[in-house]
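Hey, can you piece these two chains together into the complex? The hints should help.
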Amino acid sequence: METEIKEAQGKIVSAENPGITAPADWQPVIIGILCNWCSYAGSDLTGTSRIQYPPNIRIIRVPCSSRVDPWFIIKSLQTAADGVLISGCHPGDCHYISGNYYARRRFLVTKKLLNFIGYHENRVQFSWVSAAEGPKFAKVVAKVTEDIKKLGPLHRYKKENF
Amino acid sequence: MDYSKQIQEIASKLFAENKIDYFVGYKQNSFDDSQVPFLITDPAEIPKLVFTDKSVFNLANYLKPDHTKRKRVGLVVKGCDSRALNLMLTESQVKRENVYIIGICCEGVLNDKGEKAQNCVECVMPDPVVYDERIGTPTGKREYTVNADIRELATKALEERADYFESIFANCIRCNACRHSCPLCYCAKCCLDQETSTLYHGANTSSGAMHALMTWSLHLAGRCVDCRNCEKACPSHLPLHLLHKQNESVIYENFQQHLAGMEKDNRGAFYKYSLSDPDDFIL
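Quick mapping for you: the protein sequence lines, in order, are chains F and R.
Sequential numbering of the first sequence, starting at 1, is according to the numbering used here.
Sequential numbering of the second sequence, starting at 1, is according to the numbering used here.
This is chain R alone, in the form it adopts within the complex (with noise of 0.2 Å):
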């Protein structure tokens, strides 16, 4: 899976026309092989724009900050990251005008240990959702299955969980780049910076921890797509996916197959309701 020169052909065609004021595109790292986003505003840098199946990162996130928000951005998505920018296109954080959208047919992307990455192996939507203009062969939507390690966990004893997840929130080091890493996480105002609310429980510590992370994981029940870019951002390695993954089978499970951003004006789980949703639970 190499696209580098589809890629640059159409950023070149994209200033030449003047239809976009940013591209947001993939640049090789300077000292090794892994690849870093790349944006760019000078239509001299674009021979250094590469996409190969070493392009992890979610390009979605960068439609967040100020000096994109309202400009005319063309980027780069495979498809988790379409799925993310489609959500964040029914939630009217970007404005579908204001962006070129190039959707790659994805065939995997590689984990640090140069395998296929564990979200591209049980991928459900290898192709763009929503795009302009689409390079490589689209395959289809596959089956869902139910994460590995969800599985494999859910085998295990009540106490065994509870010190697994202990020693996970002990390692949090609270540095929130979880949050700013996950393109659906845009709210100016996040309840997690609410240092002197009484509700939130800020400290440094694995009760903290938890309260954070089940917080920030409950607010994007639903909505999370599993492009796993707060997993690549995070510096302490935590397995942050087990608690979307968990979330989103027990919604795929039981509230009609709902699957995050896959079509348009698909709003996350929790902004719908049906009548015959569970109710066994309630007493």
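So here's chain F without its partners, still in its complex pose (with noise of 0.2 Å):
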């Protein structure tokens, strides 16, 4: 199911459209669903903290990781985003004792099955960041933007193409 990452005279070429190519100082764009009680707070911390991180991510405060529907990510990549990262407390830690379970199956049948539909598994992505990891966070943002930096930007099902 893996594919290659293409390059082509120094221009970013969009792994699901060959056709799309970008600037090589193309920057994406990525919506951050954070929860409301670790992964939001985390951000926080990496803030206070003077930790820099990308500054391509839009972060979303929902109340937990299994606030999020499926639908939010496909309206993402249907609409600005050229990648999603999703994020809420770790195992055991869930706010709710055990939303983050529920989201776990979630996410990956749904990312199982943006994958099988074409879109690259790296453009959705998620993450188990707690309240005390300020450090985490920044790096778990360093590797997601850097992931779909070398994806292209998304050109399938974008609204605006129609």
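Read the hints as simulated data drawn from the structure, not as lab findings.
Because the structure is a prediction, the values reported are computed rather than measured.
Misleading hints may appear alongside valid ones.
Taking lysine-lysine and the PhoX-like style, the derived pairs with C-alpha atoms no more than 25 Å apart in a straight line are [stated by the list, open to error]:
id, chain 1, residue 1, chain 2, residue 2
1, R, K71, F, K158
2, F, K112, R, K156
3, R, K156, F, K150
4, R, K27, R, K71
5, F, K143, F, K11
6, R, K156, F, K149
7, F, K112, F, K158
8, R, K232, R, K27
9, F, K149, F, K11
10, R, K71, R, K48
11, R, K48, R, K5
12, R, K272, F, K112
13, R, K64, R, K264
14, R, K19, R, K48
15, R, K113, R, K54
Following this line, the structure appears as structure tokens:
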């Protein structure tokens, strides 16, 4: 299922549409959907600790990672985003006891289905970040941004193309 | 497989004993050799009931409308239909005492080309899982196999798959027949009907169809019983089973071999969790 990432004459080639390219300094838009109790507080800690992380991520706060309907991911990919990062509490740490366990099942199926219909598997990523893990949040965002920069702009199913 | 006689006998017995208000079965189509669902209230129409290997539709869908919802209904179910009915019972959509279920030990139905349908070749449970009366000889549960189309598509490159699915979504006319024909899509107010919602992209484009069909298939993930009523209803002949079978294979592989509707009180895969669910895709 893994596809190779192509590069052509200093340009970034879209992983899903080889015909679509972007200049080498192209910056992706990433939607970050973070749970209120762990990851949002974790990202806050990253900021207050003055740790640098890529500015490509736009953060949306949700009460729990299980609040994330697969709709949110599809809608993000359809409108502005080139990638989506969803982050919640570590297993066992959920503020609502078991929300992230339910979310984990949904995420796996959603990720596999999106990959099946032709989105690169790195477009949608998930992470567990606790409120104390400021440096980890910066690392996660850096990794996701790096991954999506390699994949190039997302063109397929974009709303503005219709 | 011709159980017309037995079904007619049972139906006339039920009407004579005043056990049911409606009976849902199949009758011969008037213009070709296919069959259509047939809902009767009058015992005089019982001789029209048939059941052969052309009885393809899932009759559990006829427990959804208002006029049958709170009435006593007798209906004919095959293995897959009984799984859907089992889920409807588990999800409190139907009262068990209101339905009289005639379960058929199914030998597989035919598709449009006259061959055994793909979902019948790959069927895991041909016998009814819930019934009042059973017709035929039970053959027991079978081994689960990943759908042949899914296995073939999984070997293709990402671009190829993306092009293929974009052509599928482009042919969708957004009639929502797939939703109406599904026995498990019973929400009174469907999320796909929210025309004014900013979240829902309702345009009749491949992008809008992707949103609608993906949302629909994810709402049925872990609940779909592979009766393929949606595919039979689709006027554009889209291979809608691909989305459902993909979800089913992921769920079977990762979540304790979950198959929808096999046991009573076993809800969809997303209604429960296990501490040992796969975690390796999470950073």
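**Request:** Decide if the proposed pair is consistent with the structure: K71 of chain R and K48 of chain R, CA atoms, cutoff 25 Å inclusive.
**Result:** Given that 25 Å is the threshold and the Cα spacing comes to 22 Å, the pair holds.
**Pairwise hint evaluation, K156 of chain R against K112 of chain F, where the allowed Cα distance is 25 Å at most** = holds, 15 Å
**Message:** Checking one constraint from the list: CA of K112 of chain F to CA of K158 of chain F, max 25 Å. Satisfied?
**Reply:** holds, 20 Å
**Message:** K19 of chain R and K48 of chain R were given as a pair; does the straight-line alpha-carbon distance stay at or below 25 Å?
**Reply:** This hinted pair holds, its Cα atoms lying about 20 Å apart.
**Request:** Quickly compare the C-alpha distance for K71 of chain R and K158 of chain F to 25 Å and report which way the hint goes.
**Result:** At roughly 47 Å apart (the allowed maximum being 25 Å), K158 of chain F and K71 of chain R break the hint.
**Pair hint K113 of chain R and K54 of chain R, alpha-carbon separation not exceeding 25 Å** = Satisfied, since the Cα-Cα distance of roughly 11 Å is no more than 25 Å.
**Request:** Measure nothing beyond the straight line between the CA atoms of K156 of chain R and K150 of chain F; if it is 25 Å or shorter, mark the hint as holding.
**Result:** Distance ~21 Å between K156 of chain R and K150 of chain F Cα, so the pair holds.
**Asked** Taking 25 Å as the top limit, are the C-alpha atoms of K232 of chain R and K27 of chain R close enough?
**Response** holds, 17 Å
**Request:** Below or equal to 25 Å on CA atoms is what counts here, so check K156 of chain R against K149 of chain F.
**Result:** The given pair, whose Cα atoms are some 24 Å apart, holds under the 25 Å limit.
**Hinted pair K143 of chain F and K11 of chain F, Cα distance within 25 Å** = holds, 20 Å
**Prompt:** Is K27 of chain R within 25 Å of K71 of chain R, Cα to Cα?
**Reply:** Status holds; Cα separation ~22 Å.
**Message:** With the threshold set at 25 Å, check whether the alpha-carbon distance from K149 of chain F to K11 of chain F stays at or below it.
**Reply:** Roughly 11 Å separates the two Cα atoms, so the pair holds.
Hint 1 from the list above is the single one not met by this structure.
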